[in-house]
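If you read the protein sequences in the order shown, they are chains A and B. Numbering-wise, our numbering puts 134 at position 134 of the first sequence, and it's gapless, one number per residue. Numbering-wise, our numbering puts 158 at position 158 of the second sequence, and it's gapless, one number per residue.
These are calculated hints, taken from the structure and not from any lab test. Computed from a prediction, not measured in an experiment: that's the story for all the values here. Be aware that a few hints might be false.
[To be verified] List time: in silico EDC-like cross-link candidates among lysine to aspartate or glutamate, alpha-carbon distance up to 20 Å:
| hint | chain 1 | residue 1 | chain 2 | residue 2 |
| --- | --- | --- | --- | --- |
| 1 | A | K7 | B | E123 |
| 2 | A | K77 | A | E109 |
| 3 | B | K129 | A | E132 |
| 4 | B | K27 | A | E16 |
| 5 | B | K12 | A | E109 |
| 6 | B | K210 | A | E146 |
| 7 | A | K76 | A | E109 |
| 8 | B | K49 | A | D72 |
| 9 | B | K27 | A | D51 |
| 10 | B | K27 | A | D2 |
| 11 | A | K36 | B | E342 |
| 12 | B | K12 | A | E132 |
| 13 | B | K38 | A | D2 |
| 14 | A | K118 | B | E182 |
| 15 | A | K158 | B | E123 |
| 16 | A | K118 | B | E24 |
| 17 | A | K148 | B | E174 |
| 18 | A | K36 | B | E168 |
| 19 | A | K158 | B | E31 |
| 20 | A | K148 | B | E22 |
| 21 | B | K38 | A | D72 |
| 22 | A | K148 | B | E31 |
[Unchecked claim] Coverage of chain A stretches by chain B, computed from C-beta distances (three or more under 8 Å per stretch; other residues unrestricted):
| hint | stretch |
| --- | --- |
| 23 | 23-33 |
| 24 | 56-68 |
| 25 | 137-149 |
[Stated by the list, open to error] Partial chain B-side listing against chain A, Cβ under 8 Å, derived:
| hint | residue |
| --- | --- |
| 26 | L11 |
| 27 | F18 |
| 28 | F150 |
| 29 | N177 |
| 30 | G179 |
| 31 | I237 |
| 32 | K242 |
Backbone N, C-alpha and C define an ideal beta-carbon position, used for all residues, glycine too.
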Amino acid sequence: MDLQIRKGQINDWYREYSNDVYNYVYFLISDHEHAKDILQETFLRAYSSIDSFRGENVRGWLFRIARNLTIDDIRKKKPIAYFLDSIPVIKAADYTPEQFAILNESEQELYLALSKLKLAYRDVIVLRKIKEFSIHETAAILGWTENKVKVNLFRGMKALRKELEKENFSHETI
Amino acid sequence: MRQYDDLNPGLKSLNQRFVLPEQEQSKILSEINLNMNKPQKKRTPFQWKYYVASAMAVLLLVIIALPLLNGNLDLTSDNRTEITQGISEENSISTVAEDSEEVRYTFNVKNNLPYDIYSMTLEVYQNGKLIASPTSLYADGSPIKKGDVFDFQFLEHDGLETGQAELELFVAVEPPNNGAEEIYIAPKISIQVTNQKEYEFELNGNSLSKYINIKKMGTSLPSDIPNFVLDSDFMGIDWNHKAERLNHNIIGNQNKSGIIGAEMPSLDGQKWMWYLWGVNNPTNTKLTVVGYHKDTETVHQILTTGWTIELGGENNGADAHIPSSVKVPEQGEWAFLLYTNEELFDIIILEINE
Chain A
1 MDLQIRKGQI NDWYREYSND VYNYVYFLIS DHEHAKDILQ ETFLRAYSSI DSFRGENVRG
61 WLFRIARNLT IDDIRKKKPI AYFLDSIPVI KAADYTPEQF AILNESEQEL YLALSKLKLA
121 YRDVIVLRKI KEFSIHETAA ILGWTENKVK VNLFRGMKAL RKELEKENFS HETI
Chain B
1 MRQYDDLNPG LKSLNQRFVL PEQEQSKILS EINLNMNKPQ KKRTPFQWKY YVASAMAVLL
61 LVIIALPLLN GNLDLTSDNR TEITQGISEE NSISTVAEDS EEVRYTFNVK NNLPYDIYSM
121 TLEVYQNGKL IASPTSLYAD GSPIKKGDVF DFQFLEHDGL ETGQAELELF VAVEPPNNGA
181 EEIYIAPKIS IQVTNQKEYE FELNGNSLSK YINIKKMGTS LPSDIPNFVL DSDFMGIDWN
241 HKAERLNHNI IGNQNKSGII GAEMPSLDGQ KWMWYLWGVN NPTNTKLTVV GYHKDTETVH
301 QILTTGWTIE LGGENNGADA HIPSSVKVPE QGEWAFLLYT NEELFDIIIL EINE
């Protein structure tokens, strides 16, 4: 593919999907600076492997790249936490105050509950429910079977509801 | 517990909330373009630091985990009580709700699997939206055996409406185990929700695979059928009460309803004249005709213009009458269910030949 065409394509895709990809990564790691780095790296990787892109689903392909980079990032920064993947990777102190303050109360609750889930659940909930990918697309991004997606989504939503319940309960006792 | 079915819109709206400021967005784009213009970089080198750190982490884990494994029994029993509490909470909440609000729909699901299961979660969708996802299980955690039936009840405020709905069933085939119990999924089926209150389903599968499915029992109705036609209407058909010849060449049930024209071949389209007795205000009465074919157990629209037609006044000794174009799709024994103003009026049993 012609170099100029490639660059043009990456620019177009960036304009269309940069926010989408940015906040996807942000949902996974809650770190503004890292999310920006991963965003940049995603499009650079896309640029270098654009020849292997078969032209099906751009959004899904970009998300797949972003996710792999995010996982690498998590592994690098917190290898112990990555192994004990039942422990959430995010601590409350990592939230950028400005971003968090924009949310209304119920959105804050939802966001906090989501951040407490284990990575596998958060992953599938963000892709299916927030980013609204289909089961097929989600499976492709995660590298899972469709059945694994369904089962983890089911368990994830259950865990999310349980977290919200816990939060509500703690509000009442206060 | 039902309020959390509203999670979907909340989650969707979160998507709009974390936006990259324009300035930073453009800055990154320029960085990208800068890098694209440079010659291609080498692939990232082997991350040995990561592997060393991971090996250390695993070692630490093993050291920490050993004493925990010994104390494992305590942990699991705690979790079991927690789950039971969660369940009895759910049970008591639904009893309270029953007292104050009427149950609108009941879905009975029978376990027809050749093995025990431990819980069933029924997800109900309408127009792509999740309406409710109740879970049923025994409060003491005992297995749901073959033949056991659970009632899933939907209240008015659950928002289940008439029309098409999709059901998906998640079945735990192992006792609760911290969320790691094996789950089988019965793929989505489509059903018609009408004014009918109770719906029966059967959960089927075999002991060799994890493929299970859920089947709706009873008559399956066409999707455009009026919602006052109930499954139970078809159970009341008395096939021995066949139509007889009345005056004026009318065939039907004495002093109730009849047809002229049904003896002519109707498979290719025919004109029938309908007669009804005991209708008070014929010109303000609508007649709905629903055909039920005995052999195939299927439901069909009979009038070519639709399910319902307006009646005309007296004729041939009957209180109400109306001519119509009909098409009977198969030969055989039929039950024609007649509804006047949405209420079941009469059933005419006829043999239709080619």
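Each hint tested on the structure:
For a cut-off of 20 Å, the pair hint linking A/K7 to B/E123 is broken: about 46 Å separates their Cα positions. Distance restraint check for A/K77 and A/E109: the Cα-Cα separation of roughly 26 Å exceeds the 20 Å cut-off, and the hinted pair is therefore not satisfied. Distance check on the hinted pair: B/K129 and A/E132 sit about 13 Å apart at the alpha-carbon level, within 20 Å; holds. Proposed proximity of B/K27 and A/E16 is supported: the alpha carbons are some 16 Å apart, at most 20 Å.
Restraint check for B/K12 and A/E109: the C-alpha separation of about 14 Å stays at or below 20 Å, so the hint holds. Between B/K210 and A/E146, the direct Cα distance comes to roughly 15 Å. Compliance with the 20 Å bound is thereby established for this hinted pair. The suggested pairing of A/K76 with A/E109 is violated, with an alpha-carbon distance near 29 Å, which exceeds 20 Å. Proximity of B/K49 to A/D72 is assessed by CA-CA distance (about 13 Å); at most 20 Å being required, the pair is judged to hold.
For the hint pairing B/K27 with A/D51, the CA-to-CA distance comes to about 26 Å; that exceeds 20 Å, so the pair is violated. The straight-line distance between the Cα atoms of B/K27 and A/D2 is roughly 25 Å, outside the 20 Å bound, and the hint therefore fails. Between the alpha carbons of A/K36 and B/E342 the distance comes to roughly 62 Å, so the proposed pair goes past 20 Å and is violated. Only pairs whose Cα atoms come within 20 Å are accepted, and B/K12 paired with A/E132 is accepted, the gap being roughly 8 Å.
Restraint check for B/K38 and A/D2: satisfied, since their Cα atoms lie roughly 16 Å apart, inside the 20 Å limit. As the CA atoms of A/K118 and B/E182 are separated by approximately 18 Å, the hinted pair is consistent with the 20 Å bound. For the hint pairing A/K158 with B/E123, the CA-to-CA distance comes to about 12 Å; that is within 20 Å, so the pair holds. Straight-line distance between C-alpha atoms of A/K118 and B/E24 comes to about 30 Å, which puts the hinted pair past the 20 Å bound.
This hinted pair checks out: A/K148 and B/E174 have alpha carbons roughly 17 Å apart, not beyond 20 Å. Of the supplied pair hints, the one linking A/K36 and B/E168 is violated, its CA atoms being roughly 39 Å apart against a limit of 20 Å. Restraint check: the Cα-Cα separation between A/K158 and B/E31 comes to about 41 Å, which exceeds 20 Å; the hinted pair is violated. Using a Cα cut-off of 20 Å, the hinted pair A/K148 and B/E22 is violated, with the two alpha carbons roughly 37 Å apart.
Between B/K38 and A/D72, the direct Cα distance comes to roughly 24 Å. Violation of the 20 Å bound is thereby established for this hinted pair. Restraint check for A/K148 and B/E31: not satisfied, since their Cα atoms lie roughly 38 Å apart, outside the 20 Å limit. Check on the stretch 23-33 of chain A: 3 of its residues sit with their Cβ under 8 Å from a Cβ of chain B, so the three-residue criterion for coverage holds. Beta-carbon proximity to chain B at under 8 Å applies to 0 residues in the stretch 56-68 of chain A; the threshold of 3 is not reached and the given coverage is violated.
Three residues within the 8 Å Cβ limit are the bar, and the stretch 137-149 of chain A against chain B gives 1, so the coverage statement is violated. Below 8 Å, beta-carbon pairs count as interface contacts, and B/L11 has one with chain A at about 4 Å; its hint therefore holds. Annotation: B/F18 was flagged as interfacial toward chain A, and the flag holds, the nearest CB pair being 4 Å apart, inside 8 Å. A hinted interface residue such as B/F150 counts as satisfied when its beta carbon comes closer than 8 Å to some beta carbon of chain A; here the least separation is about 18 Å, so the hint is violated.
For B/N177, the shortest C-beta to C-beta distance to chain A is roughly 12 Å, which exceeds 8 Å, and the interface hint is violated. At a threshold of 8 Å, the smallest CB-CB gap from B/G179 to chain A is about 5 Å, leaving the interface hint in force. Below 8 Å, beta-carbon pairs count as interface contacts, and B/I237 has none with chain A, the closest being about 40 Å; its hint is therefore violated. Proximity of B/K242 to chain A is violated relative to the hint, the smallest CB-CB distance being about 51 Å (cut-off 8 Å).
Checked against the numbered hints above, the structure breaks hints 1, 2, 7, 9, 10, 11, 16, 18, 19, 20, 21, 22, 24, 25, 28, 29, 31 and 32 and satisfies the rest.
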